[in-house]
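Engineer: Chain B: place on chain A using the hints.
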Amino acid sequence: MKTIVELENVRKAYRMGKVIVPALRGVSFEVREGEFLAVLGPSGSGKSTLLHLIGCLDRPDEGKIIIDGLDVLKLSDEELAELRLRKIGFVFQFFNLLPRLTAIRNVELPLLIAGVSDKEARERAMEMLRLVGLEARVNHRPTELSGGEQQRVAIARALINNPKIVLADEPTGNLDTKSGWEIVQLMKRLNEEEGQTFIVVTHDPHIAETADRILYLRDGQIEGEKKPRGGKA
Amino acid sequence: MAWESLTQRRLRSSLTTLGVVVGVATIISLAALGEGFRVEIKQRMQEGFELDVLIIIPGSFATGIGKFTPEDVEAVRNVSGVELATPIITIPDAKVYTYEENATRLKAFTVSAVNFTEMLKLLPHRLNATLEGEIPSGKENDTIVLGYKTCVFNDTEPIVHVGDNVTVQITGIPFNLTFRVAAILEKSGTSGLTNFDYWAFIPLNTIQEEQRTYNLILAKVDDPEKSEEIARSIENNFDNPYSISILVPVAFMREVDRILGFIQLFLTAIATISLLVAGIGIMNIMTVSVMERTREIGILKAIGAKSRTVLALFLSEALLVGVIGGVIGIFAGYGLSYGLAYSLSRFLQPTQQDTVFRQTETQPMELNPVFPFEWILIAFLFAILVCIIFGLYPARKAAKLDPVKALRYE
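Protein chains in written order, with my numbering: chain A, 1 to 233; chain B, 234 to 643.
Honestly, the hints are just simulated from the structure, not real lab data. Please note that the accuracy of each hint is not assured.
Restricting the straight-line Cα-Cα distance to at most 27 Å, the calculated cross-link-like pairs of lysine-lysine (DSSO-like) are [unchecked claim]: (1) A:Lys18 x B:Lys630; (2) A:Lys87 x B:Lys638; (3) B:Lys633 x A:Lys74; (4) A:Lys74 x A:Lys164; (5) A:Lys74 x B:Lys638; (6) A:Lys87 x B:Lys539; (7) A:Lys226 x A:Lys188; (8) B:Lys328 x B:Lys340; (9) A:Lys87 x A:Lys64; (10) A:Lys178 x A:Lys227; (11) B:Lys630 x A:Lys74; (12) A:Lys87 x A:Lys2; (13) B:Lys453 x B:Lys354; (14) A:Lys64 x B:Lys633; (15) B:Lys539 x A:Lys74; (16) A:Lys226 x A:Lys164; (17) A:Lys18 x B:Lys633; (18) A:Lys64 x B:Lys539; (19) B:Lys638 x A:Lys18; (20) A:Lys164 x B:Lys638; (21) B:Lys539 x A:Lys164; (22) B:Lys638 x A:Lys64.
If you anchor each label on the Cβ, the simulated ranges turn out as follows [what the hints assert, rightly or not]: (23) A:Pro228 x B:Ile622: 55 to 63 Å; (24) A:Asp118 x B:Arg579: 51 to 59 Å; (25) A:Arg141 x B:Lys633: 25 to 33 Å; (26) A:Gly115 x B:Glu458: 53 to 61 Å.
We treat Cβ as the ideally placed atom computed from N, Cα and C, and that holds for glycine.
Chain A with its partners taken away, still in its complex shape (with noise of 0.2 Å):
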């Protein structure tokens, strides 16, 4: 199968006040298209740099990013957010949606800025909140959801532009256990359904168990790699 992300000896380093704190220190894997993969590691041990860094939203120190062909290092500002608009999804563990908007109008977004008209951009959201099983909640604000609805809500704004490569921060981090088993169930039905690529960060390793592969990830390096008996061959 081909291979959509790929690193190669990425570092990342970030200052703190007077101090260089490095976040990645030579990280190298790739990514299948479809693939389902899980990086475990625990907190501070780089893994929302990498998402970041997978995500275009900052670009290495050092190294290679290959994104669907492309190579981050070479593309503009411009032409990383349009990368991002088009090809990438961002699920967050606070759900980072909108609070003044409701879910649909939140679900919409990336269509608006994509310059969708309003109204196929509301029948799009329409569907990808009825695929996340929230038709019914369609016009309440953030406030007014429980945290696995707003979680649903960030995962249909995510797939709306359907993206090649939707990358989860934590998804399940701050929601109780029920809720964050249900959005990862849902997280693997779209990824069986609709055939995006998955990348879910977390320390969570029940969750990671569900992946089709696991990356462990430590201060800023890949300490290994395993194949669930669960995940995809």
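Structural biologist: Positioned in the frame of chain A, the structure of chain B alone reads:
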């Protein structure tokens, strides 16, 4: 998006918008009052002077007042652009009395010998407005036309009527002349040259031709816009340019109009300061808003919004404040104008002190705001411009935010 963002911060947005409203309303009302004032002054001046009539005086400050000869009148008449020129003889120390035993002196302080037919052509509006009778034809001798206040005392009945005789005493003429009243003019109400309230007119042929020297020539021009040119041509017909002075009402009007225009501009410029203050308010609020919404901006960027999309979003919020504030401001400006006009009008009434004997009764000043479309447009566009300029800094700040940092922002 921009609308949702504004409506959810209702108090803050409305206060910001209020700043724009006040700014626009102030500009519009000051411009409207300035324009109204200008129109009023202009109208009064038009009433006081006939724009197409040049007033030609013999002499100047340099030479002192002289006299015109019939040849001078002819010279003025021959200038191209002069439709009609008529001389006036002002008779010094003439006194007019009622024709009776205990004669009452009429308040005709200026007695002039004129050509009635020509005067009527020159100042038709003025001389056709009569209380009684009408201006006699040139052929009639021994007739007199009286100004309103010469014979109407304290706004009651005139003490003489059309058809009555009056006597005129002229210094140097040993006997009294008798004239029949042909017309009594309406009250003029204006100040300026054509206030004939205290004038009496007698026919020019009362004075023998060989004795005639004229104090004044009135010249009607065919095109008031060319008044200055024509005045120059008239001057050129005289050997000594100081021997005549020409009052050109149009030029005078233009000058006054220019000064009033400048005052209006000055007032409006002051008003624009209030709009600038509103702009600073917008900048302040938006900067705070950008800080508060840092995380939101991070989210927008994460889901693929380009920097310029974020910029456009924040600018459109500023623009919306400008448009809403501008529209409300226009209406508020109309209201404010009428309010100000009403309260200011009270201060503009002439004081009724009769310190000057001949003071004319001027009509109370009326201040009506006039709304020139271009000023409304300027105020509106300026409001929008201010909003965009002051919104630009915070909007750029928002657009430049690093998405990763913005997402971490608590």
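Engineer: State for each hint whether it applies.
Structural biologist: Evaluated hints:
1. A:Lys18 x B:Lys630: holds (25 Å)
2. A:Lys87 x B:Lys638: Between Lys87 of chain A and Lys638 of chain B the Cα gap is close to 22 Å, so the pair holds against 27 Å.
3. B:Lys633 x A:Lys74: Roughly 20 Å between the alpha carbons, so the hint for Lys633 of chain B and Lys74 of chain A holds.
4. A:Lys74 x A:Lys164: holds (20 Å)
5. A:Lys74 x B:Lys638: Cα-Cα ~22 Å, so holds.
6. A:Lys87 x B:Lys539: Roughly 14 Å between the alpha carbons, so the hint for Lys87 of chain A and Lys539 of chain B holds.
7. A:Lys226 x A:Lys188: Holds, because 18 Å separates the two Cα atoms, which is no more than 27 Å.
8. B:Lys328 x B:Lys340: Given pair Lys328 of chain B, Lys340 of chain B holds - Cα atoms ~8 Å apart, limit 27 Å.
9. A:Lys87 x A:Lys64: holds (18 Å)
10. A:Lys178 x A:Lys227: Holds, at roughly 24 Å.
11. B:Lys630 x A:Lys74: Roughly 25 Å between the alpha carbons, so the hint for Lys630 of chain B and Lys74 of chain A holds.
12. A:Lys87 x A:Lys2: holds (15 Å)
13. B:Lys453 x B:Lys354: Between Lys453 of chain B and Lys354 of chain B the Cα gap is close to 9 Å, so the pair holds against 27 Å.
14. A:Lys64 x B:Lys633: It holds: about 25 Å lies between the C-alpha atoms, which stays within 27 Å.
15. B:Lys539 x A:Lys74: holds (17 Å)
16. A:Lys226 x A:Lys164: holds (23 Å)
17. A:Lys18 x B:Lys633: holds (23 Å)
18. A:Lys64 x B:Lys539: holds (23 Å)
19. B:Lys638 x A:Lys18: holds (17 Å)
20. A:Lys164 x B:Lys638: holds (25 Å)
21. B:Lys539 x A:Lys164: holds (19 Å)
22. B:Lys638 x A:Lys64: The given pair, whose Cα atoms are some 22 Å apart, holds under the 27 Å limit.
23. A:Pro228 x B:Ile622: 55 to 63 Å: holds (58 Å)
24. A:Asp118 x B:Arg579: 51 to 59 Å: For Asp118 of chain A and Arg579 of chain B the Cβ distance comes to about 55 Å; the hint holds.
25. A:Arg141 x B:Lys633: 25 to 33 Å: Holds, at about 29 Å.
26. A:Gly115 x B:Glu458: 53 to 61 Å: Holds: the Cβ-Cβ distance is about 57 Å, inside 53 to 61 Å.
In summary, this structure violates none of the numbered hints.
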